[in-house]
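*Asks:* When we follow the numbering used here, the leftmost residue of the sequence shown carries the number 4, and every step to the right adds one.
Do not take every clue at face value.
Lysine to any residue pairs mimicking SDA-like chemistry, simulated, CA-CA at most 25 Å apart [claimed, not checked]: (1) Lys114 / Ile157; (2) Lys346 / Asp357; (3) Lys164 / Tyr253; (4) Lys425 / Tyr253; (5) Lys114 / Gln198; (6) Lys425 / Val409; (7) Lys141 / Gly105; (8) Lys154 / Met215; (9) Lys504 / Met481; (10) Lys498 / Ser466; (11) Lys114 / Gln128; (12) Lys524 / His389; (13) Lys166 / Ala68; (14) Lys381 / Glu350; (15) Lys425 / Trp265; (16) Lys425 / Ala516.
Simulated DEER-style distance windows between Cβ atoms [unchecked claim]: (17) Thr220 / Asp357: 46 to 52 Å; (18) Ile200 / Arg502: 18 to 24 Å; (19) Ile200 / Gly127: 21 to 27 Å.
No lab work stands behind these hints, which were simulated from the structure alone.
Where is the CB? At the ideal position from N, CA and C, for every residue including glycine.
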Amino acid sequence: MAEEKTEQRVGKAERDIVALGIATAAIIIFVGIGGSVMGDIAEATFGEGTGPDRLLVNAMLLNIALIIFGWRRYRELHSEIQQRRAAEEQARKLSEIDPLTGCLNRRSMAKATEELRNGSNRHGQALAYVMIDLDNFKQVNDMNGHAIGDKLLIELAARLKEKLPKDALLARLGGDEFAFVMPYDGKHPERIDDQVIRLFETATAMYQVDEMAVELTMSIGIATDHDDQGFNPLVSDAQTLMHHADIAMYHAKNQGKNRYYWFEPTMENELRFRNELETGIRRGLAVGEFVPFYEQQIDLESGDLVGFEMLARWQSPQLGLVSPDIFIPIAEDIGVIGDLSEKLMVEAFADARDWAPDLTLSVNISPIQMRDPWFAQKLLKLLVEHNFPAHRLEIEITESCLHDNVGMVRSMIASLRNQGVKVSLDDFGTGYSSLEQLRSLPFDRLKIDRSFISELRNPDASSKIVDAIVSLGNGLDMPITAEGIEDENILDLLKTMGRLKGQGYLYGRPETADQVRMRLKAAGRLVELPDVAVAPQDSVPESTVDPENLRRVAE
4 MAEEKTEQRV
14 GKAERDIVAL
24 GIATAAIIIF
34 VGIGGSVMGD
44 IAEATFGEGT
54 GPDRLLVNAM
64 LLNIALIIFG
74 WRRYRELHSE
84 IQQRRAAEEQ
94 ARKLSEIDPL
104 TGCLNRRSMA
114 KATEELRNGS
124 NRHGQALAYV
134 MIDLDNFKQV
144 NDMNGHAIGD
154 KLLIELAARL
164 KEKLPKDALL
174 ARLGGDEFAF
184 VMPYDGKHPE
194 RIDDQVIRLF
204 ETATAMYQVD
214 EMAVELTMSI
224 GIATDHDDQG
234 FNPLVSDAQT
244 LMHHADIAMY
254 HAKNQGKNRY
264 YWFEPTMENE
274 LRFRNELETG
284 IRRGLAVGEF
294 VPFYEQQIDL
304 ESGDLVGFEM
314 LARWQSPQLG
324 LVSPDIFIPI
334 AEDIGVIGDL
344 SEKLMVEAFA
354 DARDWAPDLT
364 LSVNISPIQM
374 RDPWFAQKLL
384 KLLVEHNFPA
394 HRLEIEITES
404 CLHDNVGMVR
414 SMIASLRNQG
424 VKVSLDDFGT
434 GYSSLEQLRS
444 LPFDRLKIDR
454 SFISELRNPD
464 ASSKIVDAIV
474 SLGNGLDMPI
484 TAEGIEDENI
494 LDLLKTMGRL
504 KGQGYLYGRP
514 ETADQVRMRL
524 KAAGRLVELP
534 DVAVAPQDSV
544 PESTVDPENL
554 RRVAE
């Protein structure tokens, strides 16, 4: 359609040129005819002739009309050409400029970077490509709306432009991702470090948008086209430079966000390995490579087994048994942690059904899952479908869950506790929980982080922090679990602090479902299950969940 319109404009322009030619010819003819006609008119005026020839007069008038027509068409042609040039310039700008922030866009940035790189190299300078990505900007949009998000991006772009040197190019590559390139003396890369640090100070300062205060952080990756000494070129084109900066930026995110890194070749290998892990996690989730392991939980006073904590393990054919410290953060990043957790809980419910009824099952819940407003309903539905008593389940959430949406977390905890599920605050002491949150949120238990327990290994170590947490739990009427018990010295000291529950390698490593079954069988703590079908999806065990309560929770 656009090409047809262009052809129509060109065709019209050609006709106008023809019209201008006709007008020009008419002027020439007018000059020739006009001289004769005006001479005859002059002679007739002085009585020396009969007047001009009527045919010549008509021809002259026709020439005048043609001249007027041609001149008007010429002026219209000139105006149309100007409008067309303005439209083409506007179209060019739209194709090269981000309409929201006025920065270059991804398409034009590559070309501009290549031109700047060639120019800086000719003048003996290196070029730095700096990739900027806002941390958790999706949450800002979700909580405040896209209108606020757009205003934040506009303000951020203005702050970046203000701090960047005149010879730098700034682009918005898409979403919340920006980039700038600037030439520098390759022998002094610290100039780029100084520039990035100034950007951090400016761009991460508080934003006031529509009477709303918003704080942003960002992760930055830097790549250069020269080596550390600024002599030998490392890359041959702008696309490679951008790719290296992108890798460095993702490395900054993986290292905790709100920081910057220069690109190093090892980062590319790490990124490739991470991509392989992501692919492996998705594949392993589909074929059942993730399995639950169980760690014993012991009553420290009596030494009796009181339950197990379910821990995720990945039995990868290529990598062997993979620790959750490796795959859980990646599963959270790629959005499969909910499915992974659900599958493991279903297996754990099946494993624990024939345990002695006084044994509890603890399950760790990701902060990502707690952002789902339907999490409580999904969990209660799983309990019903798999006929697992709610009072035997204890979920463990970390303090970081409390900072996303305390109101929603409070509602979910209340819904679960109303049905009999117990809720523990895991890794207590490592986050930022306030006493007000502990008082107002209905937790059933506190778990002391292993980092505090491990400090008790030294007989001369101070136990003041652990003492304080135990006293706090007693004051709030919350039982305490100590994790990370690894030797008798720690155990003896904890026993003096009151009645606690504990877990750790002193009692054995996490075990598979079959190993747990053998342990419980030897202790006589397995029960014979009746050969009955699992409760239908919409039915609720009478001793576990009140149907009316479940209906209200779902609503």
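*Asks:* With reference to the structure, classify each hint as holding or not holding.
*Replies:* Against the structure, the hints come out as follows:
1. Lys114 / Ile157: Holds, because 23 Å separates the two Cα atoms, which is no more than 25 Å.
2. Lys346 / Asp357: holds (19 Å)
3. Lys164 / Tyr253: holds (23 Å)
4. Lys425 / Tyr253: violated (38 Å)
5. Lys114 / Gln198: Distance ~23 Å between Lys114 and Gln198 Cα, so the pair holds.
6. Lys425 / Val409: Roughly 18 Å between the alpha carbons, so the hint for Lys425 and Val409 holds.
7. Lys141 / Gly105: holds (22 Å)
8. Lys154 / Met215: Holds, at roughly 11 Å.
9. Lys504 / Met481: holds (12 Å)
10. Lys498 / Ser466: holds (12 Å)
11. Lys114 / Gln128: holds (18 Å)
12. Lys524 / His389: holds (22 Å)
13. Lys166 / Ala68: violated (62 Å)
14. Lys381 / Glu350: holds (16 Å)
15. Lys425 / Trp265: violated (46 Å)
16. Lys425 / Ala516: holds (22 Å)
17. Thr220 / Asp357: 46 to 52 Å: At roughly 49 Å between Cβ atoms, Asp357 and Thr220 fall inside 46 to 52 Å, so the hint holds.
18. Ile200 / Arg502: 18 to 24 Å: violated (52 Å)
19. Ile200 / Gly127: 21 to 27 Å: holds (25 Å)
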